[in-house]
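Chains A and C, in that order, give the protein sequences. Each residue of the first sequence is one higher than the one before, counting from 1 in the numbering used here. Each residue of the second sequence is one higher than the one before, counting from 1 in the numbering used here.
Certain hints may be false.
Unchecked claim - Derived contacts from chain C toward chain A, CB cut-off under 10 Å, selection only:
| # | residue |
| --- | --- |
| 1 | Asp-232 |
| 2 | Asn-259 |
| 3 | Ser-311 |
| 4 | Gly-312 |
| 5 | Ala-313 |
Unchecked claim - Computed spacing ranges between beta-carbons, pair by pair:
| # | chain 1 | residue 1 | chain 2 | residue 2 | range |
| --- | --- | --- | --- | --- | --- |
| 6 | A | Ala-61 | C | Asn-259 | 52 to 62 Å |
| 7 | C | Glu-161 | A | Ala-61 | 32 to 42 Å |
| 8 | C | Asn-259 | A | Gly-44 | 47 to 57 Å |
| 9 | A | Val-43 | C | Gly-297 | 16 to 26 Å |
| 10 | C | Glu-220 | A | Ala-81 | 34 to 44 Å |
| 11 | C | Pro-168 | A | Glu-64 | 44 to 54 Å |
| 12 | C | Arg-91 | A | Asp-9 | 51 to 61 Å |
| 13 | C | Ala-327 | A | Val-74 | 31 to 41 Å |
| 14 | C | Gly-297 | A | Ala-115 | 32 to 42 Å |
| 15 | C | Tyr-370 | A | Gly-123 | 32 to 42 Å |
| 16 | C | Gly-344 | A | Ala-61 | 26 to 36 Å |
| 17 | A | Glu-26 | C | Glu-127 | 18 to 28 Å |
The set of hints was computed from the structure by calculation and includes no laboratory data. Here a beta-carbon is modelled for each residue, glycine too, at the ideal position from N, C-alpha and C.
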Amino acid sequence: MSTIKFTKDHEWIRIDGDVATVGISEYAQKQLGDVVFVELPEVGRNVVAGKEAAVVESVKAASEVYAPAAGDVVEVNEALADDPALVNRDPMGEGWFVKLRIENLSDLDDLMDEAAYKEYCEGLN
Amino acid sequence: MSDTIGGDAPLLTTPLHALHVELGAKMVPFAGYDMPVQYPLGILKEHLHTRTAAGLFDVSHMGQVRLTGPDAAAALETLVPGDIQGLALGRTRYSLFTNEQGGVLDDLMISNRGDHLFLVVNAACKEADIAHLRERLAGRVEVEYLADRALLALQGPRAAEVLARFVPQAETMKFMSIIEADFRGVPVLITRSGYTGEDGYEISIPNLLADTTARLLLAEEGVEPIGLGARDSLRLEAGLCLYGHDIDTTTTPVEAGLNWVIGKRRRAEGGFPGADVILGQLANGTTRRRVGIRPDGKAPAREHTQVTDPSGAPLGEVTSGGFGPSANGPIAMGYVATEAAAPGTPVHLMVRGKPMPAKVVEMPFVAQRYYRG
């Protein structure tokens, strides 16, 4: 059974065992508009919770994607290199960014579940 | 165009504000105005639509100014390096307000309307421009700010066909010319010009009739509303300068590669602010130069990205950079040392601390398709 959590910066993290997949939310892709480039970290890099893990660029601007939890990057979504618009088409699925081996599951305690995140986004509009 | 944003002052709106909101635009502060950065179509599709059909832009935030007086052209020449006395009736010219140091105070369009000159200046500069005109041309020229007029831009390969349905004579207008016309009973001023690299028009229209007119144009097949986001990517692909970014008070027309703005007679006579500096640079060259830059990879290099030579020695800075939807890749312009300004010169762009290989290239990035009759 996988669990999904969200950050206030609109990243999502889905946990399957000790590996977690990270991406940006539907709300985030809508705010960004057409994604034209994604810079992903090297596999093996250690990312720190709340610090930059990737960069997503729309026509207009570059935005940082923060790691929702600390861990080592075990895989990156190579498909984004040729088709960055996957982030717009399927942000919660094929448009994922990185997979992390999470150090402390407790990093996820303060993140929002789907219902809380939905409410949070509604509050932003 | 420019995008200086005033602190907490309430935002101004254009006569098309309600229409933008109704169309679902994402509104952002721009030069003190609440403006549409994009519509539901999104920047990428808005950009491509303008290159293949026709886009309607609200540029009412820009300043429209009328200069009246028998001596207006000669007087204006004391502030700009262009040949304004030689500007024929009904013709439009791009020019620059320069300062005593040879820097650029603003860029503008000047049209000869016979009994007056019609100017269009940048939104962020308009107050300063008008004060400058009033101070420097006092006693010679009457300077009238046309606050009661909106400005629409209709741009793209289908712009002529669309506008001709309302104003038949628009179709045969020369590039960079101006006419006064009747648009369904509304008196409008139309110039065949724009900021996209495409054929197109700018239509000056009384505020009260702007909304109705915009809706008529949007109802035509092939016309979509286009926001400031695509306006910026379109002009960057066309190699056109954005004031406050690619040109400002610290850059001269010669450094910016805008030598063609300096009229032949003006080169001989001078008589515009900073003429000694600018004419000196025309004769002796400059140490830096505005160029196009194309990254080899896919990462866009944004404004203020450092440009170095392949060994890491600084050459200059990107002043506009992003993704070009029609170029289908990252594009940039910026200033580099003159020795590195030749097309084909390999350079590095320091993007997030990493050197990205790139090349100096000729601009525009996408061929301009102005109407040449």
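Comparing the hints with the structure gives:
1. A hinted interface residue such as Asp-232/C counts as satisfied when its beta carbon comes closer than 10 Å to some beta carbon of chain A; here the least separation is about 8 Å, so the hint holds.
2. Because the smallest distance between the Cβ of Asn-259/C and any Cβ of chain A comes to about 31 Å, over 10 Å, the interface hint for this residue is violated.
3. For the restraint placing Ser-311/C at the interface with chain A, the shortest Cβ-Cβ distance is roughly 24 Å, beyond the 10 Å limit, so the hint is violated.
4. The interface hint given for Gly-312/C is broken, as the beta carbon of that residue sits about 21 Å from the closest beta carbon of chain A, more than 10 Å.
5. Violation of the interface hint for Ala-313/C is found here, the shortest Cβ-Cβ separation to chain A being roughly 25 Å, above the 10 Å cut-off.
6. Look at Ala-61/A against Asn-259/C: about 32 Å separates their beta carbons, and that is not inside 52 to 62 Å.
7. The hinted window of 32 to 42 Å between Glu-161/C and Ala-61/A holds, with their beta carbons roughly 35 Å apart.
8. Range check, Asn-259/C to Gly-44/A: about 52 Å between beta-carbon atoms, so the 47 to 57 Å window is met.
9. Evaluation of the 16 to 26 Å hint for Val-43/A and Gly-297/C yields a pass: the beta carbon distance comes to about 19 Å.
10. A C-beta distance of roughly 40 Å is found between Glu-220/C and Ala-81/A, which places it inside the suggested range of 34 to 44 Å.
11. Here the CB-CB span from Pro-168/C to Glu-64/A is close to 53 Å, well matched to the stated 44 to 54 Å.
12. With their beta carbons about 53 Å apart, Arg-91/C and Asp-9/A fall inside the hinted range of 51 to 61 Å.
13. For Ala-327/C paired with Val-74/A, a C-beta distance near 35 Å keeps the hint of 31 to 41 Å intact.
14. At about 41 Å, the CB distance of Gly-297/C to Ala-115/A agrees with the hint of 32 to 42 Å.
15. Remark: the range hint 32 to 42 Å for Tyr-370/C to Gly-123/A is contradicted by a beta-carbon distance near 48 Å.
16. The hinted window of 26 to 36 Å between Gly-344/C and Ala-61/A holds, with their beta carbons roughly 30 Å apart.
17. A C-beta distance of roughly 42 Å is found between Glu-26/A and Glu-127/C, which places it outside the suggested range of 18 to 28 Å.
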